[in-house]
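**Q** Chain order of the listed sequences is A and B. Heads up: the first sequence is residues 230 to 631, going by the working numbering. Heads up: the second sequence is residues 230 to 631, going by the working numbering.
The hints are simulated quantities; they were obtained by calculation from the structure and are not laboratory data. Among the hints, a few may not be true.
A pair holds if it fits inside one copy or across any two, identical chains being indistinguishable in the list.
Unchecked claim - As a list, the in silico DMTMM-like pairs of lysine to aspartate or glutamate whose alpha-carbon atoms are at most 25 Å apart:
1. K344 - E581
2. K549 - E565
3. K458 - D542
4. K344 - E319
5. K327 - E424
Number of protein chains: 2
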Amino acid sequence: MRCEVVAIGTELLLGQIVDTNSSWIGEQLALAGIDSLYQTKVGDNFDRMVSTIRHALERSDAVICCGGLGPTQDDITREVIAHIMGVPLERDETIVQKIRDYFEGRGRPMAENNKRQADIPVGASIIAQMPGTAPGLVAPVGNKVIYATPGVPREMHEMMLGTILPDLQRRSGLASVIRSRVIRTWGNSESGLAEVLADRITELDAIGNPTLAFQASGIEGIKVRITAKTGDEATAQKILNEEEARIRALLGDIIFGLDEESMETVVLKRLRARGMTLAAAEAITGGVLAERMSTLDPAMAVFRGAMISARFDDTAAYGKSGADRAGKSARFAREEFGTDIGIAVNLAQDGEGERLNTAFLHISTKDHEYGMATTLPGDRYRLRTFGVIELLNYLRKTLDAQ
Amino acid sequence: MRCEVVAIGTELLLGQIVDTNSSWIGEQLALAGIDSLYQTKVGDNFDRMVSTIRHALERSDAVICCGGLGPTQDDITREVIAHIMGVPLERDETIVQKIRDYFEGRGRPMAENNKRQADIPVGASIIAQMPGTAPGLVAPVGNKVIYATPGVPREMHEMMLGTILPDLQRRSGLASVIRSRVIRTWGNSESGLAEVLADRITELDAIGNPTLAFQASGIEGIKVRITAKTGDEATAQKILNEEEARIRALLGDIIFGLDEESMETVVLKRLRARGMTLAAAEAITGGVLAERMSTLDPAMAVFRGAMISARFDDTAAYGKSGADRAGKSARFAREEFGTDIGIAVNLAQDGEGERLNTAFLHISTKDHEYGMATTLPGDRYRLRTFGVIELLNYLRKTLDAQ
């Protein structure tokens, strides 16, 4: 069963709106075990919409069209689908009444052009879910099918989950369950991971299930995705658990979390479990650490705060080496905020005999001081973000080692 | 001149990554006066990539492929382009050396499979900009062209602006000059702006040039885009200048900047011009302000720093009203960092008799204290970001009024 997505709207091509609908639909299709091999964006143009949807129907069994069901002149998905089906549009008075009720329920009169939204291609059926004024469509074309949903994400989601996905699964007669797990790593490159996992990937290529894939997650490390395809939920989870254990054995402590966990999440979880509090002194990282930690701990119960200041780079006040400055500023943070742990990262300065972009990470506790050096990337954005993740990763490993 | 975008990567179809690259490219093409009528996402599959790019080349003059230039086995854009060109790949040793230098600059060895990134289709040329390890390509196919860039946005942007857009404009022999200017506003809604500008938009609809368009810029205010299409650069700039002056007269001080200027940029510019320094006390905004300001003032010469702490919400220490706490914490910041100005925003707490989400903005200087109240959105992310922009906007207006 192959299903394509066609996102409709000139504003999508012009970049005025990012097409998050196709991504969401793609994820839902994958989770439902339906292949989605192409996704296309096309503007509000009759001929181009017809040719795009026809082309999609040729190579797939189903097409989901998203957008172009509004009341204005440039909303022509209804007309395009009727043309492809070779049928006329017919106004559905039940839908006209539903739209009128919708507006009256909000104390507004229905505009005349909203009636256009009730024009349905003859032979198409209306999707039961209709949270807005645009009815969704299920339009059969031979033994294939076109679905149409509004571009409003909330309305589209409801129609996808309520009608389209179940209809696709019924059509495909799919029994299989597809489940994924993402293993998040920090400290090796995509190609480095590929080398470590090369033998296992070759084995899995022969077995065919589960599969492994790599994904660079922007600056936030590399993800390894395990995908299992099987008959039932319990077996899928068993396959994922076993594969996760194998990968953990191969990758060790560069694995920092699973699925949606970030470096901040896992550090906060560990600190919370130990009842410990944290504060930071930030110079080069300029508040990036505070912003990320306070996003996940808005009450600042575990992450108590940070001082952001260039003073920590002052060699007279904080020390003549990066290691000294990192240590003294981490202690400053711990004392200033009265926390169990203070952390800081400090960059080597010119004339200190260190390689360019050498950074010193420091963790200060009441009983111990921990420090290490690392190299950060050259450009400022990556330097700051890398510096924060490296520092949190060092804290994670230090906590785990105790 | 028609140019399509093909975004490559199975992770895009599966919704693991949202394809923001195509949106960004679409916007750049539109600004450059190049039509982009289709954008397609396709997975890392040889046959499907070949057919998608061929199909795009049939109906357009140029295709920009984004992604699939990495070092791993599933990165096959190089092979696909060579196949479409009907040529072999050849390893470019200069590029191998560049990649090796890249890794060595970061203190890491180059993995063997990174050499694949230096395999270039014979007859294609390499894009001069190469901020990462993946070289971009300009691959002629008859009188048409395929461009290939990495999927990493930063690398793609650099290649687009440095090579691809100029090359497209040269190929299209565009005689007309299309120039845009974006007027950035804060403090009115899109529909509110449309009302104020309604008469002028009607006038321009009749004249045809320049045109005005609105664009909600996520959380960062509404943009008004003036686009002038004319024969030469000087005339284009004259049209933009005149229209900007008209819009300034209509919108007044809700305009905070132009084009790429952010609220931080314009505040820093004003402070720098006056030789003044700034510090902040952050509670609810949790480092968002520090992060944004220090990004643009990395040396922290103007923005001297911030203290991030829940202490500023402490009613015993900082006052029994939001206005008191904002005032006292702004003064604390000014004194702690020894700056000319201290700023803070503080949220009303339960039982203080204020409407939900009332926030107090405060600016403290040696001679004057300035305070005002505003209402912030409910969800935390928007509350923090709005709070920071509102506070900076208040500082901008206060500085301008002096």
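**Q** Does each hint fit the structure? Answer for all of them.
**A** Against the structure, the hints come out as follows:
1. K344 - E581: The answer is neither: 65 Å in one copy and 35 Å across copies each exceed 25 Å.
2. K549 - E565: both (22 Å within a copy, 24 Å between copies)
3. K458 - D542: neither (53 Å within a copy, 50 Å between copies)
4. K344 - E319: Answer is within: at 11 Å inside a copy they meet the 25 Å cutoff, but 60 Å across does not.
5. K327 - E424: between (55 Å within a copy, 21 Å between copies)
Checked against the numbered hints above, the structure breaks hints 1, 3 and satisfies the rest.
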